[in-house]
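Could you build all of it, start to finish, from the sequences and the hints given here?
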Amino acid sequence: MIRILTLSLLLCPLAALAQAPVIEISGANFRPLPIAVPLPQALNDGARTVSPEFDDAFFFDCSAAGIFQVLDRKSYLADAREGFTASTITFSRWADVGAEALVKVQLSVDGRELRGEMRLFTVSSGKEELRLVHVVPLDQPRKLAHFFADALYKQFTREPGPFQSHLAFVRRAGKGKDVYLGDWDGKRAAPVAQGSINLLPVVGPQGDSVAFTSYRSGKPALYLQKAGGAATPLVTNGAMVTGASFSPDGRRIAYSMAQGEGAQLFVADAGGGNPQPLTDTPYFINSSPTWSPDGRRIAFVSNRAGTPQIYVLTVANPKDVRRLTFQGNYNQTPDWSPRGDLIAFTARDERNAFDLFTVNVESGKVTRLTQDQGNNQEPSFSPNGRLIVFNSNRTGASMLWVMTAEGQNQKMLPLEKGDYSTPDWGP
Amino acid sequence: MTSVASVAPVSLLVRRSEATLFKFLFWSAVVHAALVSLAIAYAKLHEEPSIDLDQKPIKATLVRQGTPRDEKLLPRIEQAPPPPMEQKAPEPAPTPAPPKTVAPAPVAAPAPPKTKQAGEKKADTRQQLFGAFDKMSKSKPDTTGAADGDPNGDSAVAEGEAYYARLRSQITRFYDVSDTIPDSERIRLTAQVAVVISAAGQLERARLAKSSGNDLFDSAVMTAVKRAAPFAPPPTHLRDALSKYGVVLQFRP
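Taken in order, these protein sequences are the chains called F and A. When we follow the numbering used here, the leftmost residue of the first sequence carries the number 1, and every step to the right adds one. When we follow the numbering used here, the leftmost residue of the second sequence carries the number 1, and every step to the right adds one.
No wet-lab data here; the hints were simulated from the structure. Virtual Cβ for every residue (Gly too), placed ideally from N, Cα, C. Hints are not guaranteed to be accurate.
[Said to hold, decoys possible] Distance ranges between label pairs, derived from CB positions:
1. A:ARG239 - F:VAL22: 16 to 22 Å
2. A:ALA199 - F:VAL22: 18 to 24 Å
3. F:THR90 - A:ARG186: 54 to 60 Å
4. F:ARG251 - A:ILE77: 35 to 41 Å
5. A:ILE77 - F:ASP110: 49 to 55 Å
6. A:PRO68 - F:GLN206: 27 to 33 Å
7. F:ASN29 - A:SER211: 47 to 53 Å
8. F:VAL22 - A:ASP183: 21 to 27 Å
9. A:GLY213 - F:ASP45: 43 to 49 Å
10. A:THR172 - F:ASP280: 49 to 55 Å
11. A:ILE77 - F:GLN206: 35 to 41 Å
12. A:LYS244 - F:ASP341: 44 to 50 Å
13. A:ALA43 - F:ASP79: 57 to 63 Å
[What the hints assert, rightly or not] Among chain A residues calculated to face chain F with C-beta under 7 Å, some are:
14. PRO75
15. TYR164
16. VAL177
17. SER178
18. ASP179
19. THR180
20. ILE187
21. TYR245
22. GLY246
23. VAL247
24. VAL248
25. GLN250
26. PRO253
[Claimed, not checked] Here's a subset of chain A near chain F, in silico, CB distances under 7 Å, partners left out:
27. LEU45
28. LEU74
29. PHE251
30. ARG252
Below, the structure is given as structure tokens:
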């Protein structure tokens with residue numbers, strides 16, 4: 001009896017102590033979410049006409065987002081006429097092709113309006129995660145696509161998507177250079193400034209205007225213009241003015257003006273009034289200003305140390321200047337991420353190739369984004385700071401490309417062949 | 001009937017005075033306490049080496065040899081991005097290695113040359129088992145090792161810990177999490193998976209012990225565990241514990 005008692009007493013604490021060890025595992029490989037984006041279902045003839053254009057934009061947005069791995073449509077096993085609700089979808093067929101999420105769109109045309117409905121499903125659980133209806137004018141299926149893509153982006157990341165924003169860029173036309181303003185993907189681009197040489201566009205604070213340097217009056221000057229509107233001169237005092245950059249609140253503008261042998265940075269009101277000098281290095285060039293998202297600092301390029309390097313100054317106290325890059329001997333075209341932590345820039349490496357890098361503003365750590373793919377230049381962050389648009393001549397002509405801020409998922413924008421440069425991704 | 005009652009143990013208590021009863025109870029309590037503490041002490045003494053989660057149990061880093069890149073130069077991307085994701089069936093090991101009971105092969109050991117031998121088919125299961133870590137050795141080694149790492153890339157301290165470290169590194173290779181999870185959420189995601197590993201290294205059971213609250217993350221960690229299996233056979237002294245109580249894998253992004 002006592003033996004049994006003793007034994008059970010002995011065993012009780014042992015059982016409690018027999019605990020499984022815990023191993024901590026971290027360092028996940030973050031990879032894009034495999035998502036299936038089947039063709040949109042057109043509910044009537046009108047919808048069938050605009051469906052391809054909608055699909056072009058929507059599919060490209062999803063592919064370029066950087067957070068999705070859009071699965072190849074050829075691999076889809078599901079019936080093309082499969083239903084639109086969770087109960088009528090055979091999720092196992094989507095799981096078989098590796099999809100973890102499924103997004104379906106239905107389009108219908110009603111008079112002069114295009115109505116779209118998007119539904120997002122989790123494939124493993126068959127749960128409907130998002131349902132959205134949006135109506136646009138019939139001639140703007142791309143607008144609908146960007147709206148849905150942004151909603152999808154926000155659903156997953158809780159961050160605003162970048163697809164309803166705007167892109168300004170320069171396209172060579174004969175001997176001149178024209179400035180265009182279009183959707184983020186360069187589509188629906190309208191010429192803002194044509195004829196003469198127009199350079200270095202920057203999207204205005206509302207996304208509907210562009211500031212640029214133009215030779216239209218014979219001398220390079222800074223103009224602001226809306227698509228289809230007239231050009232407003234911002235700074236026209238005869239000297240070469242370049243690299244306009246709007247402060248994040250849109251109230252001020254920074255630019256570089258040639259003076260004697262050098263060029264100095266100025267900050268002025270958004271209309272060009274009340275210019276204040278920011279730099280004072282008469283024999284050196286200071287150019288390409290870019291604002292920090294809080295509007296307190298400006299990063300720029302200066303050759304004051306012999307080679308072009310990236311510097312950061314405080315706007316309230318321009319004497320407070322700090323050199324940011326110490327690697328490489330030709331660093332230029334900085335663009336400050338709207339997230340604040342990184343500055344993307346172009347650098348020429350020891351093989352004389354131009355490539356894109358980011359530098360961490362606080363730590364100064366330089367990270368390479370492109371390599372061994374032609375020349376890659378002039379980066380510009382998306383308004384949410386997750387993507388970078390740039391120009392690259394890897395396919396021959398200088399085209400516009402987009403990639404994630406880490407240099408992944410590089411894709412060419414769907415523009416017609418041409419010679420494109422200096423993209424600026426604005427609101 | 002009556003004789004049974006008179007012999008019944010109840011009479012033991014009845015016959016004693018109250019003082020004796022308290023004495024008995026007191027000593028009973030003392031003896032109980034002593035037994036319990038003895039049991040605890042015994043269990044403590046014979047416990048497996050505990051895992052300190054704050055301290056990394058193993059340091060298995062490979063150090064890249066050669067001259068470092070000039071700091072004045074811009075950095076270069078040294079390695080191509082990780083190989084495309086493909087569902088790999090467990091590859092059979094080239095040679096049926098003799099059954100080793102202790103010390104599995106070092107992590108970065110080069111695969112032995114391919115040789116055909118008779119009776120290879122029979123050794124299929126065993127190959128699968130020993131092939132588990134072979135999967136690891138075939139993957140590209142991490143060339144950006146810590147500067148203070150061991151040049152041989154293996155500084156296993158103890159066998160048990162080494163096994164857990166390998167378990168961890170094998171699972172980490174399949175630990176793919178969706179990019180869509182926002183940064184703000186990544187910070188606080190934690191999921192626990194309880195796994196039971198057989199003496200042969202097969203994954204017997206895997207159960208989501210604690211959900212992270214994020215379906216994508218939960219399914220990613222379960223997938224990682226399932227894809228990483230089979231594991232190498234556990235060392236002798238861990239076999240019982242792993243097949244009975246298993247091990248809890250705590251995942252953070």
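For each hint, the structure was consulted:
1. Range check, ARG239 (chain A) to VAL22 (chain F): Cβ separation about 19 Å, and the 16 to 22 Å hint holds.
2. Checked against the hint of 18 to 24 Å, the pair ALA199 (chain A) and VAL22 (chain F) passes, with Cβ atoms roughly 21 Å apart.
3. The given range of 54 to 60 Å is broken by THR90 (chain F) and ARG186 (chain A), whose C-beta atoms sit roughly 32 Å from each other.
4. The hinted range of 35 to 41 Å is satisfied by ARG251 (chain F) and ILE77 (chain A), whose Cβ atoms lie roughly 40 Å apart.
5. Checked against the hint of 49 to 55 Å, the pair ILE77 (chain A) and ASP110 (chain F) passes, with Cβ atoms roughly 51 Å apart.
6. Separated by about 49 Å at the C-beta atoms, PRO68 (chain A) and GLN206 (chain F) break the suggested range of 27 to 33 Å.
7. Remark: the range hint 47 to 53 Å for ASN29 (chain F) to SER211 (chain A) is contradicted by a beta-carbon distance near 21 Å.
8. Roughly 26 Å separates the CB atoms of VAL22 (chain F) and ASP183 (chain A), a value that falls within the hinted 21 to 27 Å.
9. The supplied range of 43 to 49 Å is met by GLY213 (chain A) and ASP45 (chain F), whose beta-carbon atoms lie about 46 Å from each other.
10. For THR172 (chain A) paired with ASP280 (chain F), a C-beta distance near 53 Å keeps the hint of 49 to 55 Å intact.
11. Checked against the hint of 35 to 41 Å, the C-beta distance between ILE77 (chain A) and GLN206 (chain F) comes to roughly 38 Å, which is consistent with it.
12. At roughly 48 Å, the beta carbons of LYS244 (chain A) and ASP341 (chain F) sit within the given window of 44 to 50 Å.
13. Checked against the hint of 57 to 63 Å, the pair ALA43 (chain A) and ASP79 (chain F) passes, with Cβ atoms roughly 60 Å apart.
14. About 5 Å separates the beta-carbon of PRO75 (chain A) from the nearest beta-carbon of chain F, less than 7 Å, and the hint is met.
15. For TYR164 (chain A), the interface hint holds, the least distance from its beta-carbon to any beta-carbon of chain F being 5 Å, beneath 7 Å.
16. Because the closest C-beta pair between VAL177 (chain A) and chain F is about 4 Å apart, less than 7 Å, the hint holds.
17. The closest approach between the C-beta of SER178 (chain A) and any C-beta of chain F is roughly 4 Å, which is under the 7 Å cut-off, so the hint is satisfied.
18. Below 7 Å, beta-carbon pairs count as interface contacts, and ASP179 (chain A) has one with chain F at about 5 Å; its hint therefore holds.
19. Taking 7 Å as the C-beta contact cut-off toward chain F, the hint placing THR180 (chain A) at the interface holds, the least distance being around 4 Å.
20. Nearest Cβ of chain F to the Cβ of ILE187 (chain A): about 12 Å, over the 7 Å cut. The hint is violated.
21. Because the closest C-beta pair between TYR245 (chain A) and chain F is about 5 Å apart, less than 7 Å, the hint holds.
22. With a cut of 7 Å, the hint placing GLY246 (chain A) at the interface with chain F holds, because the nearest CB-to-CB distance is about 5 Å.
23. Because the closest C-beta pair between VAL247 (chain A) and chain F is about 5 Å apart, less than 7 Å, the hint holds.
24. Below 7 Å, beta-carbon pairs count as interface contacts, and VAL248 (chain A) has one with chain F at about 4 Å; its hint therefore holds.
25. At a threshold of 7 Å, the smallest CB-CB gap from GLN250 (chain A) to chain F is about 5 Å, leaving the interface hint in force.
26. Here the hint on PRO253 (chain A) is kept, as its CB sits about 5 Å from the closest CB of chain F, short of 7 Å.
27. Because the beta carbon of LEU45 (chain A) sits about 11 Å from the nearest beta carbon in chain F, more than 7 Å, this interface hint is broken.
28. Checking LEU74 (chain A) against chain F by beta carbon gives a least distance of about 4 Å; that is within 7 Å, so the hint holds.
29. At a threshold of 7 Å, the smallest CB-CB gap from PHE251 (chain A) to chain F is about 5 Å, leaving the interface hint in force.
30. Here the hint on ARG252 (chain A) is kept, as its CB sits about 4 Å from the closest CB of chain F, short of 7 Å.
Hint violations for this structure: numbers 3, 6, 7, 20, 27, all remaining hints satisfied.
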